[in-house]
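Colleague: Next come the chains, spelled out residue by residue.
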Amino acid sequence: MNNLIARAKELLENKIVQVIVGYEAGPTGVARPAFITNPAKADLLIYDERCVQNLAVYLTKPEVRNLGKMAIVATLPVMRSIMMLISEQQIFADNIIVLGVSSDGSLLDIADIKVMQAYIEKSDLGNPVKDRALLVELNKLSKEERFAYWQKELSKCIKCYACRQACPLCYCTRCTVEVNQPQWIPVQSNTHGNMEWHILRAMHLAGRCISCGECGRACPVGIPCHLLTMQLADEVHNYFKVYAGTSEKMSSVLSTFEPNDKESFII
Amino acid sequence: MSDFEPKVVAFVCNWCTYAGADLTGTSRIKYASNVKIIRFPCTGRIDFMLLLKAFANGADGIIVSGCHPNDCHYTSGNFHAKRRWIMFKELMDFMGVDMNRITFSWVSAAEGAKWADVVNTTVTRLREMGPYVSYRDLVNKSVEEEVKNE
Chain P
1 MNNLIARAKE LLENKIVQVI VGYEAGPTGV ARPAFITNPA KADLLIYDER CVQNLAVYLT
61 KPEVRNLGKM AIVATLPVMR SIMMLISEQQ IFADNIIVLG VSSDGSLLDI ADIKVMQAYI
121 EKSDLGNPVK DRALLVELNK LSKEERFAYW QKELSKCIKC YACRQACPLC YCTRCTVEVN
181 QPQWIPVQSN THGNMEWHIL RAMHLAGRCI SCGECGRACP VGIPCHLLTM QLADEVHNYF
241 KVYAGTSEKM SSVLSTFEPN DKESFII
Chain U
1001 MSDFEPKVVA FVCNWCTYAG ADLTGTSRIK YASNVKIIRF PCTGRIDFML LLKAFANGAD
1061 GIIVSGCHPN DCHYTSGNFH AKRRWIMFKE LMDFMGVDMN RITFSWVSAA EGAKWADVVN
1121 TTVTRLREMG PYVSYRDLVN KSVEEEVKNE
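Protein chains in written order, with the working numbering: chain P, 1 to 267; chain U, 1001 to 1150.
One thing to keep in mind: the hints can contain errors.
To be verified - Mimicking DSS-like on lysine-lysine, the simulated pairs with C-alpha atoms at most 25 angstroms apart in a straight line are:
hint: 1; chain 1: U; residue 1: Lys1148; chain 2: P; residue 2: Lys156
hint: 2; chain 1: P; residue 1: Lys15; chain 2: P; residue 2: Lys61
hint: 3; chain 1: U; residue 1: Lys1007; chain 2: U; residue 2: Lys1053
hint: 4; chain 1: P; residue 1: Lys262; chain 2: P; residue 2: Lys143
hint: 5; chain 1: P; residue 1: Lys262; chain 2: U; residue 2: Lys1030
hint: 6; chain 1: U; residue 1: Lys1114; chain 2: P; residue 2: Lys262
hint: 7; chain 1: U; residue 1: Lys1114; chain 2: P; residue 2: Lys152
hint: 8; chain 1: U; residue 1: Lys1089; chain 2: P; residue 2: Lys241
hint: 9; chain 1: P; residue 1: Lys159; chain 2: P; residue 2: Lys241
hint: 10; chain 1: P; residue 1: Lys159; chain 2: U; residue 2: Lys1053
hint: 11; chain 1: U; residue 1: Lys1036; chain 2: U; residue 2: Lys1114
hint: 12; chain 1: U; residue 1: Lys1148; chain 2: U; residue 2: Lys1007
hint: 13; chain 1: P; residue 1: Lys114; chain 2: P; residue 2: Lys262
hint: 14; chain 1: U; residue 1: Lys1114; chain 2: P; residue 2: Lys159
hint: 15; chain 1: U; residue 1: Lys1141; chain 2: P; residue 2: Lys156
hint: 16; chain 1: U; residue 1: Lys1148; chain 2: U; residue 2: Lys1089
hint: 17; chain 1: P; residue 1: Lys143; chain 2: U; residue 2: Lys1148
hint: 18; chain 1: U; residue 1: Lys1053; chain 2: U; residue 2: Lys1141
hint: 19; chain 1: U; residue 1: Lys1036; chain 2: P; residue 2: Lys152
hint: 20; chain 1: P; residue 1: Lys143; chain 2: U; residue 2: Lys1141
hint: 21; chain 1: U; residue 1: Lys1089; chain 2: P; residue 2: Lys140
hint: 22; chain 1: P; residue 1: Lys114; chain 2: P; residue 2: Lys140
hint: 23; chain 1: P; residue 1: Lys114; chain 2: P; residue 2: Lys69
hint: 24; chain 1: P; residue 1: Lys143; chain 2: U; residue 2: Lys1007
hint: 25; chain 1: U; residue 1: Lys1114; chain 2: P; residue 2: Lys143
hint: 26; chain 1: U; residue 1: Lys1141; chain 2: P; residue 2: Lys152
Unchecked claim - If you want the footprint, here are the derived chain P segments under chain U, 3+ residues with CB under 8 angstroms:
hint: 27; segment: 28 to 34
hint: 28; segment: 165 to 173
hint: 29; segment: 222 to 236
In case anyone wonders, no lab produced these hints; they're calculated from the structure.
In this text, all values refer to a predicted model and were calculated from it rather than measured experimentally.
Quick reminder that beta carbons are idealized off the backbone N, C-alpha and C, glycines included.
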């Protein structure tokens, strides 16, 4: 943590970056995002087990972008989000300095995108362990039980779209749910419309989801909506042998194809 | 249930399956009249949301069909569609939606007989499965939820 603060100070003092995106302790002790522009305030930065939010979501926000060149405190999911955003040409690699932190909280030396790529490639890219267990449980159920399970969960949805706002890869300035001609997704909250929304969200993140689980954490009513995108991340790896966010050159799975893609259900 | 006739919506591409279905007619091959064909420029245009809307509006089954791989009029539309269908199928399986109600197929403009076969097997299967009650209940329940909330 001291290394992180020292590095952040150095970057701000030497005017290499204009803003540090990191975590600070809020008044109740919860970690919250911090946008630090003054080197004297770099001491506020923290990094510990409370810091779970995926900060990459702020990289595409104009309010943060307008502050200038930034450095971002990045765990593995954040690094993968950054990789994904670069490959989708939403951010420029030159405009970002990555303050990588390993899972035990020590500062990594991420000099450039190549180093970051090497770090990502040697990490475990599957879903988080606790979510893997939940997925196994759900996949054991019968089809009817799964239908009932998701109906029960999705009936709670209040259509606040926190799952979309928290996701670093849901950056469209005009989302399909805001389209009203035609009205793809009903504005009101009802079980059927909620299901359509969650299918749409999962499909739009298929092959792009980097399994950070931020959507599930952001949900105010506790719908495990991250399991939908994580299941698809698993399937993407089963079918196409790729993990999202591993290379700055990779295009997403659904915007490309291989002539010999295998399936067994098309007659 | 014996007099139940399933409603089937077919999303087909203009260049292969639509022409194939045309050939079925000109060849005087009879097939089930339960199917309502919707013509698309390409399978790549068939958005998964359209399939969901078909179910929501009372379809009991869906056929999605287009050119065989390598035969796409736009070179690669059906390859993209294939990847999308793979993902869609896996997601719907995970959410417990019955994917036996959707038939995916490749039918070329020369395969009039295959089109008749695809429609007939789909309709026979759906007759056995019966109306799509669970999805319709869901839609009806959602309407009630809304009335209650207002």
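Colleague: Next, verify each hint and record whether it holds.
Modeller: Against the structure, the hints:
no.	hint	in the structure
1	U:Lys1148 x P:Lys156	holds (15 angstroms)
2	P:Lys15 x P:Lys61	holds (22 angstroms)
3	U:Lys1007 x U:Lys1053	holds (14 angstroms)
4	P:Lys262 x P:Lys143	holds (24 angstroms)
5	P:Lys262 x U:Lys1030	violated (33 angstroms)
6	U:Lys1114 x P:Lys262	holds (22 angstroms)
7	U:Lys1114 x P:Lys152	violated (41 angstroms)
8	U:Lys1089 x P:Lys241	holds (18 angstroms)
9	P:Lys159 x P:Lys241	violated (33 angstroms)
10	P:Lys159 x U:Lys1053	holds (19 angstroms)
11	U:Lys1036 x U:Lys1114	holds (17 angstroms)
12	U:Lys1148 x U:Lys1007	violated (30 angstroms)
13	P:Lys114 x P:Lys262	violated (32 angstroms)
14	U:Lys1114 x P:Lys159	violated (44 angstroms)
15	U:Lys1141 x P:Lys156	holds (14 angstroms)
16	U:Lys1148 x U:Lys1089	violated (33 angstroms)
17	P:Lys143 x U:Lys1148	violated (29 angstroms)
18	U:Lys1053 x U:Lys1141	holds (16 angstroms)
19	U:Lys1036 x P:Lys152	violated (33 angstroms)
20	P:Lys143 x U:Lys1141	holds (20 angstroms)
21	U:Lys1089 x P:Lys140	holds (17 angstroms)
22	P:Lys114 x P:Lys140	violated (40 angstroms)
23	P:Lys114 x P:Lys69	holds (19 angstroms)
24	P:Lys143 x U:Lys1007	holds (23 angstroms)
25	U:Lys1114 x P:Lys143	violated (30 angstroms)
26	U:Lys1141 x P:Lys152	holds (13 angstroms)
27	28 to 34	violated (count 0)
28	165 to 173	violated (count 0)
29	222 to 236	holds (count 5)
Hints 5, 7, 9, 12, 13, 14, 16, 17, 19, 22, 25, 27, 28 from the earlier list are contradicted by this structure; the remaining hints agree with it.
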